[in-house]
Every structure is written in structure tokens, then in C-alpha cells.
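Kindly produce the complete structure, drawing on both the sequences and the hints.
Residue numbers (my numbering): 1 to 150.
Here are the computed distance ranges between Cβ atoms for each label pair:
hint: 1; residue 1: Lys149; residue 2: Glu65; range: 14 to 24 Å
hint: 2; residue 1: Ser43; residue 2: Ala144; range: 13 to 23 Å
hint: 3; residue 1: Asn103; residue 2: Lys50; range: 17 to 27 Å
Taking lysine to aspartate or glutamate pairs in the EDC-like style, the calculated list, with each CA pair at most 20 Å apart, reads:
hint: 4; residue 1: Lys67; residue 2: Asp54
hint: 5; residue 1: Lys114; residue 2: Glu65
hint: 6; residue 1: Lys150; residue 2: Glu65
hint: 7; residue 1: Lys114; residue 2: Glu124
hint: 8; residue 1: Lys67; residue 2: Asp108
hint: 9; residue 1: Lys50; residue 2: Glu37
hint: 10; residue 1: Lys56; residue 2: Glu37
hint: 11; residue 1: Lys50; residue 2: Glu83
hint: 12; residue 1: Lys56; residue 2: Glu124
hint: 13; residue 1: Lys150; residue 2: Asp61
hint: 14; residue 1: Lys149; residue 2: Glu124
hint: 15; residue 1: Lys62; residue 2: Asp98
hint: 16; residue 1: Lys114; residue 2: Asp54
hint: 17; residue 1: Lys150; residue 2: Asp54
hint: 18; residue 1: Lys67; residue 2: Asp77
hint: 19; residue 1: Lys114; residue 2: Glu37
hint: 20; residue 1: Lys67; residue 2: Glu83
Simulated from the structure, these hints should not be mistaken for laboratory data.
Ideal Cβ positions, reconstructed from N, Cα and C, are used throughout, including at glycine.
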Amino acid sequence: MSYSPLATVIITVLVSSLFYAPLLQYAYSQTSTKNVEQLWTDSDHDLKIKFVYDPKIPIVDKPTELKFTVQRISTGDYLRNLEANVLVTDNISGQFRDFRFNNVSAPDGQFSVKYLFPDTGLFEIIVRISSPDAPDAQALAAFAVLVSKK
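The following block contains the structure:
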């Protein structure tokens, strides 16, 4: 049984919200799978998260580095002493799958994880960041990655 793209997004958001429920807040974001660099911004908390991946065209069963940078919008300063959780989700084969990277340390506001995408299609990357040094620096952002066969 396969789900429509809208059903996939709804299921992903619902399951993701259970994982990140304490930090859910509204923010504006624009992402595109055509451009490797994606930017999420939250002007209420003066935060931006930049997401890029390498290689520029991820391939099934080949390592892909998912890179994140967290900065203040107003100053461009990197947030220090961050802890992040990254969730990779998809519903490509009609069955929801996810993989988690928990407690990723980012002492200088930059961090990355390596992931092998198991299938072709559109994957959602959800990241939650927090910092004990900056209580207002809590965010939940989502990005998209399109994975090809070759």
C-alpha cells in the first residue's frame, strides 16, 4: 500500500512531533531540493540553521554527509555549546522509516552526521537543537533531500 505525498507529509509531521513535541514552535522556512544549500530561519528567536549535504547528488547506499550550521540572524555569530538530534525520515516504499542521531555535540555551532540513504526518493531531515548557554536557542527545523539511484 502506498500513500499520497500529502499523506506522507502528514504522517511524517505527526510522528516527528511526538519525537520533538517539547520544542514545537512556528517559524518560517523555505527549502528546495533543487539547491543543495537550504536555510531555516526563526526571527522570533534570532536563529538561522543552514543545511547542506555532500555529495550534491546523494546516491543510494553511498555515504552522504549532512552538515548543519547554527547562527544568530542579527550578528552572524555561531551558537556555542549546542546539542542536536537529527531524524532522517521517509515513506518511499509505503512504509514509514526513520533513523535517529541523538545527542550530537556542536561546541562551535557546526556539526555533521553521515548517513547512507537506503532508497531513492525524497527524504525529510528534521533537526532539533538546544544549548544550556542560551535558553532561547532551541529550535526545530526540517529540510528535504532528494536521493537518486546513480
